[in-house]
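**Q** Below, each chain spelled out in residue letters.
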Amino acid sequence: MIKQVPDAEEIFIDPVKFTLNRASARGIINPADENALELALQIKDKTGMELVVITMGPPQAETALIECMGRGADRGILITDRVFAAADTYATSLTLAAAVKKIGDFNLVVAGESTTDSGTGHVGPGVAQFLDIDQVTYVTSAYVDKENVHCERDLEDAVEVVETPMPVLLTVLMNSNIPRHSTLRKKIDAIRKGIEKWDHDTLNLPPDWVGLKGSPTIVGALRIPQERKREGKLITLDDIPEMVKELYEKGVIGKEEEL
Amino acid sequence: MTELINCVAPDDLSQYKNVMVYLEHREGHLVRGSVEMLGMASKLASKVKEKVVGVALGSDLEPVAQDATQYGCDIFLGAESKDLSDFRSVSYSRIISEYILKEKPNILLVSGTREGRDLVSRIAILTKTGVAADCVELDIQENDRLLVAWRPSFGDKTIDQILCKRHRPQTITSRPGSYPLPEKDTEHKCDVKITKVTLPKEETAHRVLMKKEKTKLDLTSKKIIVSGGLGLGGKDGFKLIGELASVLGGEVGASRPVVDLGWIPYEHQVGQTGQTVRPKLYIAAGISGKIQHIVGMKNSEIIVSINTDPSAEIVKYSDYFINSDLYKAIPRIIESVKTIVPEAGKTAQKSA
Ligand SMILES: Cc1cc2nc3c(=O)[nH]c(=O)nc-3n(C[C@H](O)[C@H](O)[C@H](O)COP(=O)(O)OP(=O)(O)OC[C@H]3O[C@@H](n4cnc5c(N)ncnc54)[C@H](O)[C@@H]3O)c2cc1C
Ligand SMILES: Nc1ncnc2c1ncn2[C@@H]1O[C@H](COP(=O)(O)O)[C@@H](O)[C@H]1O
Chain A
124 MIKQVPDAEE
134 IFIDPVKFTL
144 NRASARGIIN
154 PADENALELA
164 LQIKDKTGME
174 LVVITMGPPQ
184 AETALIECMG
194 RGADRGILIT
204 DRVFAAADTY
214 ATSLTLAAAV
224 KKIGDFNLVV
234 AGESTTDSGT
244 GHVGPGVAQF
254 LDIDQVTYVT
264 SAYVDKENVH
274 CERDLEDAVE
284 VVETPMPVLL
294 TVLMNSNIPR
304 HSTLRKKIDA
314 IRKGIEKWDH
324 DTLNLPPDWV
334 GLKGSPTIVG
344 ALRIPQERKR
354 EGKLITLDDI
364 PEMVKELYEK
374 GVIGKEEEL
Chain B
129 MTELINCVAP
139 DDLSQYKNVM
149 VYLEHREGHL
159 VRGSVEMLGM
169 ASKLASKVKE
179 KVVGVALGSD
189 LEPVAQDATQ
199 YGCDIFLGAE
209 SKDLSDFRSV
219 SYSRIISEYI
229 LKEKPNILLV
239 SGTREGRDLV
249 SRIAILTKTG
259 VAADCVELDI
269 QENDRLLVAW
279 RPSFGDKTID
289 QILCKRHRPQ
299 TITSRPGSYP
309 LPEKDTEHKC
319 DVKITKVTLP
329 KEETAHRVLM
339 KKEKTKLDLT
349 SKKIIVSGGL
359 GLGGKDGFKL
369 IGELASVLGG
379 EVGASRPVVD
389 LGWIPYEHQV
399 GQTGQTVRPK
409 LYIAAGISGK
419 IQHIVGMKNS
429 EIIVSINTDP
439 SAEIVKYSDY
449 FINSDLYKAI
459 PRIIESVKTI
469 VPEAGKTAQK
479 SA
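Protein sequence lines, in the order shown, are assigned to chains A and B. End of the first sequence sits at 382 in the working numbering; the numbers just go up one at a time, nothing left out. End of the second sequence sits at 480 in the working numbering; the numbers just go up one at a time, nothing left out.
Extracted from the complex, chain B is given alone in its bound form:
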């Protein structure tokens, strides 16, 4: 029973140790965001000589534990039940909180996926702590093991440092795509503890009647992305964008207004309310460079933009700025790629 009560702080913070990660998974594999979090957890934990503790729930956790081990998990805690194969906020947050209250981690990292966001504030209230959401940078102070988290402020004008000094675990989320993926280490050892659990009857009244997979496009794993914005002038512009993407062996991205207008499905949207990407090459065609778009692509290795307006904001985020009509520039790029790059279009043909 949760009481309506303030966030009472524990007296003794020294008993809180280790970095816990909530491990979200699909079909036996961790989702990308959880892998990123394991990578981050290893960094933080090694700095203060602590362990990485992974927590996962589901109906078959053995493969999940293996995946987590390769990415640096030292202790794997799993709660298994056939009733946990469906996502249930109440049961999930309760069980994770029970692990937290028992293990007393100093830090809890949760990937900011829809599932992660659904759970994290319930967990924070059950364990009486605060959450710093959508962090882009994390560090731990060696002396007092305080987590120093940074998150962009509203409008991204500043980056704010968020501290949770008196409450534990220090809990944060980060959007998937915020950190690079860690290397796999097939030699890593992990203490795997999987427990069978039974859910109380009242919790199983929440029933998932149907689950339909969507063909989800994962832009975060793409090496090359070519995005189009309102400058395309119409839906047909995406044919040209698609053509360039395919000779480069890349994927198509988009700004939000063109998604809202129905020129292209949401799964292609890059930005604050879309996906956060970090490809080797990002080409932005007819995109002005508003901050909500920039936050989703500014960590790309090379950024090329095409815009008729020489004062467009996108210029200052670009390595190369093609100041021209995209309908003139893109065919020229396609042509050049075809003559210069021997591998041009190969993958596109293979997958077509």
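Here chain A stands alone, though its shape is the one from the complex:
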């Protein structure tokens, strides 16, 4: 499962050359989803499993699917329909789970840990629940061994190695591997083969179950963040002792119990 997200003017670090590039593309594959795809491709390389890439999004998300097929995915499915717009986690997970069910027999569903456009990492586990399957989140590497999958996952304070029977959903940690490039030949093949397009009818989902209507949470109001006003007092090198003194007298630094 991949999503196209707006490029957040991010500085990208080239993981091979360790140099900085400012990427300029308008829609990019969500960074963690690139790592999810790479992990899925590695599993496909070893096991020969078929790899299907799905995305729910506007028609232009097709380019992201072509890119994924250019890297080695076998099929690309674009889940697109006006009624899917403005879905929250519940409705998004429902729609994606319906698509996975329609694809049918599967061993693994691989998602990114979270999306950069206000994403929260909730969609992957939501899909797993709808499919009634186990999940392993924040995965850094995985391999398939007979009917089980072995994963290493990263937590705030520990690293875990987990074994669980398939089918299972994995969410993959951002930057956990180096995504391969697409090849022009595979991309041309992908364009020839075409992207499948599914709407709510294809998925047998009533329009009021999905998108805004199917979402339990609503955005009530907007407000401009009330930032605390800060003085931004300009300090020269010669003012530094004075500033340090002020901080000390205010008890910001140096008081024994704080140290």
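Derived from the structure by calculation, the hints contain no laboratory data. Among the clues, some could well be false.
[As the list claims (entries may be wrong)] Calculated lysine-lysine pairs in the DSSO-like style (CA-CA distance at most 30 Å, straight line): (1) B:Lys351 - A:Lys352; (2) A:Lys310 - A:Lys224; (3) B:Lys444 - A:Lys373; (4) A:Lys368 - A:Lys352; (5) B:Lys256 - B:Lys177; (6) A:Lys225 - B:Lys344; (7) A:Lys356 - B:Lys444; (8) A:Lys356 - B:Lys426; (9) B:Lys456 - A:Lys368; (10) A:Lys269 - B:Lys256; (11) A:Lys373 - B:Lys408; (12) B:Lys340 - A:Lys356.
[Claimed, not checked] The following label-pair restraints were derived from C-beta to C-beta distances: (13) B:Glu190 - A:Ser241: 25 to 31 Å; (14) A:Lys368 - B:Gly361: 52 to 58 Å; (15) B:Lys329 - A:Gly227: 54 to 60 Å; (16) B:Asp211 - A:Asp268: 21 to 27 Å; (17) B:Gly156 - A:Pro288: 27 to 33 Å; (18) A:Pro129 - B:Ser174: 40 to 46 Å.
[Claimed, not checked] Which chain A residues face chain B? A few, computed with CB under 7 Å, are given here: (19) Gly249; (20) Ser264; (21) Asp268; (22) Gly355; (23) Val367; (24) Gly377.
Ideal Cβ placement from N, Cα and C applies to all residues, glycine included.
Fit chain B with the ligands to the supplied structure of chain A, relying on the hints for placement.
**A** Leaving out everything else, chain B with the ligands in the frame of chain A:
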């Protein structure tokens, strides 16, 4: 069995009462995020004269219940099994959902840790409700007990109000570090109910073969943080940052690009994809002040920034702005601290 079905709303919302908190713990102690959530739960519950209900899972919950009690938990519900000492998404979310369906809380608060995020949307789907994630402000309306949650929008340009009007429990997550820690109250009383449970065999097929603790640096509990960014120009710059941090008795932080470049480990990263901190003093050296960094440190009490660029965005978030090369400014700060502050460097020497 979960059906592929829409989020059907209950008919009668009045039967939903109390504020439930999912209690995440390590070695008998609540994690910081769960303590923050208990503090928030007490505030919300007292406003509408309801109770705080804590839910915890694990193999030895007695100490967890004690910890929760001190932080304002009124009812503690625990499910205990040796099989629950390992984290298992399926079992955890199922058991928590069973508690929810039985207790019918009006509100559910889950700290947005990796464990919390892993569980919360499974729980929401099992209990047919919505989740407002990464909230920074919560309030409850006294008349209809509707939770008014606020979360930053994409890019942080606005703060959006998120409501879950027709579904229960009204469920939210917040990043750890979003709220201050509540005071401990050793007199607080709590009704502790711990039940032994057995997991169905198919759920134990998920096995944790190995768990290796990481030396995790908890920036959220630090009083002073000195962070370096790309303006350092190279990995060696962190020596100077480290020196300033140690005379101040503080810890080293960093922006994301310097972490990605391998100048310093990830555990030092502050910001949207790092830790959210609120120290008494935050010093940002060679950091431009992009919003993804700002969201992780803007609640610090005092912010000092050092930047050669007088128009850097960080200026408007600073109490003091030192418009200078950090390699000139930091040695001057170190020198001043050493002469002005008698306690300078003491802790650093103790722990070194
Ligand atoms: C989804 C997403 C998540 C992100 N998460 C995070 C996050 O968690 N944390 C984070 O920090 N960033 C995050 N970022 C990246 C963020 O957008 C910025 O790219 C980053 O914060 C910039 O880092 P910087 O300030 O160190 O570098 P720059 O923006 O390059 O700034 C360097 C600054 O140093 C100054 N400087 C240069 N030389 C000197 C000198 N000798 N003395 C003093 N000053 C000097 C320059 O004037 C400049 O202002 C995220 C981005 C995205 C898209
Ligand atoms: N519209 C979508 N289409 C396909 N996959 C998605 C979509 N939204 C989210 N996902 C997947 O779910 C993961 C977590 O997303 P989120 O919960 O939005 O942070 C992403 O990394 C994707 O793998």
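**Q** Compare the structure with each hint and give your call.
**A** Evaluation of the provided hints:
1. B:Lys351 - A:Lys352: Holds. B:Lys351 to A:Lys352 sits at ~21 Å (cutoff 30 Å).
2. A:Lys310 - A:Lys224: holds, 27 Å
3. B:Lys444 - A:Lys373: Holds. B:Lys444 to A:Lys373 sits at ~21 Å (cutoff 30 Å).
4. A:Lys368 - A:Lys352: Between A:Lys368 and A:Lys352 the Cα gap is close to 22 Å, so the pair holds against 30 Å.
5. B:Lys256 - B:Lys177: At roughly 26 Å apart (the allowed maximum being 30 Å), B:Lys177 and B:Lys256 satisfy the hint.
6. A:Lys225 - B:Lys344: violated, 42 Å
7. A:Lys356 - B:Lys444: holds, 10 Å
8. A:Lys356 - B:Lys426: holds, 16 Å
9. B:Lys456 - A:Lys368: holds, 19 Å
10. A:Lys269 - B:Lys256: Given that 30 Å is the threshold and the Cα spacing comes to 35 Å, the pair is violated.
11. A:Lys373 - B:Lys408: holds, 11 Å
12. B:Lys340 - A:Lys356: violated, 46 Å
13. B:Glu190 - A:Ser241: 25 to 31 Å: Violated, since B:Glu190 and A:Ser241 (Cβ atoms, about 40 Å apart) do not stay within the stated range.
14. A:Lys368 - B:Gly361: 52 to 58 Å: violated, 30 Å
15. B:Lys329 - A:Gly227: 54 to 60 Å: The hint (54 to 60 Å, Cβ to Cβ) is violated, given that B:Lys329 and A:Gly227 are roughly 27 Å apart.
16. B:Asp211 - A:Asp268: 21 to 27 Å: Holds: the Cβ-Cβ distance is about 23 Å, inside 21 to 27 Å.
17. B:Gly156 - A:Pro288: 27 to 33 Å: holds, 32 Å
18. A:Pro129 - B:Ser174: 40 to 46 Å: holds, 42 Å
19. Gly249: holds, 4 Å
20. Ser264: Since the shortest Cβ distance to chain B is 13 Å, the answer is violated.
21. Asp268: With a closest approach of 12 Å, the A:Asp268 hint is violated.
22. Gly355: holds, 5 Å
23. Val367: Status holds, d = 4 Å.
24. Gly377: Holds, because the Cβ-Cβ distance from A:Gly377 to chain B comes to roughly 4 Å (cut-off 7 Å).
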